[in-house]
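K.L.:
Listed below are the residues making up each chain.
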Amino acid sequence: MSKNLLLPKPHEILEIIRETEIEYTFRVEADLKVEHGQFFQISLPKIGEAPISVSAMGDNWLEFTIRKVGKVTNEIFNLRPGDKLFMRGPYGTSFPIDKYKDKDLVVIAGGTGVSPVRSTLKHFYQNPDDINSLYFIAGFKDKKSILFEEDLENFKTKFNTIYTLDNEQVEGFEVGFVTEHIKKIPFDTFEDYNVIIVGPPAMMHFAALECLKNGVPEEKIWVSFERKMSCAVGKCGHCKIDETYVCLEGPVFNYTKAKELLD
Amino acid sequence: MIKVANSEELEQLLNRLSQDYKIAAPVVKRKGRKERIEYEYIDSPGEITLERQPDSSPKKFFLPQNERMEVEVAGAPGTEDKQKTILFGVRSCDLEALKVLDDVFLDDNYIDAYYQQHRENIIIIGLSCSEGKPSCFCGTLGIDPVKNDSAPIFLYQRGDRYYFKVYDEEYAYLLEDLPEGDEGELAEIVEERAASFAENNFTLDLPVPLPEETTFSAPFWGDLAEKCLGCGVCTYYCPTCYCFGFFWEQGEKSRCWDSCMFASFTKHASGHNPRRSQDQRYRQRVMHKYSYHPENYGRLACTGCGRCLDNCPVNLDIRSVLKTVESYLQEKGGVKSG
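Protein sequence lines, in the order shown, are assigned to chains A and B.
For what it's worth, this note's numbering labels the leading residue of the first sequence as 2, then goes sequentially.
For what it's worth, this note's numbering labels the leading residue of the second sequence as 1068, then goes sequentially.
Do not take every clue at face value.
[To be verified] Distance condition first, Cα-Cα at most 25 Å in a straight line; then the derived DMTMM-like pairs of lysine to aspartate or glutamate:
1) B:K1166 to A:E244
2) B:K1334 to A:D152
3) A:K10 to B:E1134
4) B:K1089 to B:E1114
5) A:K34 to B:D1175
6) B:K1399 to A:D264
7) B:K1334 to A:D131
8) A:K258 to B:E1279
9) B:K1166 to A:D243
10) B:K1127 to B:E1075
11) A:K10 to B:E1114
[As the list claims (entries may be wrong)] Pairwise CB distance ranges (calculated):
12) A:P97 to B:D1087: 35 to 43 Å
13) A:K72 to B:R1119: 39 to 47 Å
14) A:E172 to B:I1178: 51 to 59 Å
15) A:L263 to B:E1316: 46 to 54 Å
16) A:H206 to B:A1262: 53 to 61 Å
17) A:P97 to B:E1187: 36 to 44 Å
18) B:E1078 to A:K72: 34 to 42 Å
[Claimed, not checked] Just a few of them, taken from the derived set where beta-carbon distance is under 10 Å, the chain B residues facing chain A:
19) S1263
20) Y1304
21) C1308
Bear in mind the hints are in silico, worked out from the structure with no lab data behind them.
Glycine included, each C-beta is placed from N, C-alpha and C at the ideal position.
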């Protein structure tokens, strides 16, 4: 009998951090080797399963920032520290941290798109010498949707940050979509660099176009796709875009591949 | 090796085999006024009908329509069924479809424990088609309805004579009671049938895999799929459609057939749906079968069994869709596959 790869295992919830009214970060005990940008299938027995990306990692723990939007996540929000979350993973590709080393990095994230890139940001926050410079543009809809406020504050001390809200005036935040701030990045002063774009599909689309307009070569851009992964092992068909299984070949894609994905 | 039997001997054989094996075969099932032929476990050989292509494929024996995953919390896939099944009377279209499922679920990178267990537990006896139905087009796709060596044993019926061609000697013991038959007689039947299938008025000249970008961005999808209701019947009857989902109902986790024809197939919990219209979903299905799947596995994910058009409530005919693609690609001129 082959190993059953669809079998989730219980992990204890160590801490629950309330980010917004509908987004909580769950820190769970887990001694697993995970790369930045990968995801897990998180489940509750008798309820269901949902694909969630890792938003931070440490010694024997992982964090998942979960939005309360459906049957499974509603139930997850009823859990308390000490309860168990069921998980299988990690799945998918990751941000190629080694390729970013000793170069400049631009991270453009919108809304919950900050989650999958947060562990990468934290990595370079802890290892600032690994990178020439890091520009971080983060956009949220409004004040009440701001995620990871403490991180955003910390990042200011080591990164060049631009934080923006779509249509609300708040101190410390610009106004407007992330795309409007991309032109402020001094791409022409970089010797070698990479750009990460993560967010809702429309945001990623237009942010990528704006980068290209600013002279960023396609192969320097990295994106992370959100799809309805179900089996996460390249079989069930849900996340499939043309011949590509996002759960296997993604969710992190280089833009040269991502732009070819027809759906 | 050839083994032969008359219908009485066949019945005896199946009776004997049923002591050690469960037997599944095409049987007549009545649903209201409708008479259907479906693969079911049988109690007696008299129930079997080899008259025509069964209405559904035997996919459900390998990938059950709804399979409880008892293992959500602990353990391995469901308790192994000790008694093996003999699946009797599987035609070329469905045998070839099984290759598609094998490619997916017995992939070196990921072996599906559930599928593997069913697959290893079933011995298939294939069946030669004596005639096609109007919607059949396996021949157009290069599949031979008359003979197929992918089952260990393959059966030819002519009148009261049953010829078993044994391809895998390991399974010859199943037929040890039967006398050996004459290769020449069987060759005659094969030849006769091949001749009767030779006349094929549905031809296709398509590059495989279909060129992705050209076909995907062709202007005809909206018109072609306009009448599609998104009911998913085509995917359920399809012997190669393997997409599945996990469902939790009354506390139980099951793996069920899912369908790319459904809006929910790609819809995120947030409400965003990357494949939001029915023509996009219909295109996905056709492209998967004729472009993406061949690209990934080197094999079409269609065997021309014709069940999707037999069962479509709005008569969406995959053959005319393929003809439209063909003439579009020819119009575009010399588009190479890939």
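K.L.:
Does each hint hold? Answer for all of them.
P.N.:
Hints versus structure:
For the hint linking K1166 (chain B) to E244 (chain A), the alpha-carbon distance of about 18 Å falls within 25 Å, and the restraint holds. For a cut-off of 25 Å, the pair hint linking K1334 (chain B) to D152 (chain A) is broken: about 31 Å separates their Cα positions. Between K10 (chain A) and E1134 (chain B) the alpha-carbon distance is near 20 Å, which keeps this suggested pair within the 25 Å criterion. This hinted pair checks out: K1089 (chain B) and E1114 (chain B) have alpha carbons roughly 14 Å apart, not beyond 25 Å.
Annotation: proposed proximity of K34 (chain A) to D1175 (chain B) holds, straight-line Cα distance about 23 Å (limit 25 Å). At roughly 22 Å between alpha-carbon atoms, K1399 (chain B) and D264 (chain A) fall within 25 Å of each other, so this suggested pair holds. Of the supplied pair hints, the one linking K1334 (chain B) and D131 (chain A) is violated, its CA atoms being roughly 39 Å apart against a limit of 25 Å. Between K258 (chain A) and E1279 (chain B) the CA atoms are separated by roughly 14 Å; this keeps the pair inside 25 Å, and the hint holds.
Using a Cα cut-off of 25 Å, the hinted pair K1166 (chain B) and D243 (chain A) holds, with the two alpha carbons roughly 21 Å apart. Restraint check for K1127 (chain B) and E1075 (chain B): the C-alpha separation of about 30 Å exceeds 25 Å, so the hint is violated. For the hint linking K10 (chain A) to E1114 (chain B), the alpha-carbon distance of about 46 Å lies beyond 25 Å, and the restraint is violated. For P97 (chain A) and D1087 (chain B), the hinted distance range of 35 to 43 Å is not satisfied, since their beta carbons lie about 56 Å from each other.
A C-beta distance of roughly 44 Å is found between K72 (chain A) and R1119 (chain B), which places it inside the suggested range of 39 to 47 Å. Remark: the range hint 51 to 59 Å for E172 (chain A) to I1178 (chain B) is upheld by a beta-carbon distance near 56 Å. With their beta carbons about 34 Å apart, L263 (chain A) and E1316 (chain B) fall outside the hinted range of 46 to 54 Å. Distance hint for H206 (chain A) and A1262 (chain B): a CB-CB separation of about 57 Å, consistent with the stated range 53 to 61 Å.
The beta-carbon spacing between P97 (chain A) and E1187 (chain B), approximately 40 Å, falls within the hinted interval of 36 to 44 Å. Between E1078 (chain B) and K72 (chain A) the beta carbon distance is about 52 Å. The supplied range of 34 to 42 Å is therefore violated. With 10 Å as the threshold, the beta carbon of S1263 (chain B) stays out of range of chain A, its nearest partner Cβ sitting at about 37 Å, so the hint is violated. Given hint, Y1304 (chain B) at the interface with chain A, is violated; its Cβ is 17 Å from that chain's nearest Cβ, farther than 10 Å.
With a least beta-carbon distance of about 9 Å to chain A, the hint placing C1308 (chain B) at the interface is held under the 10 Å criterion.
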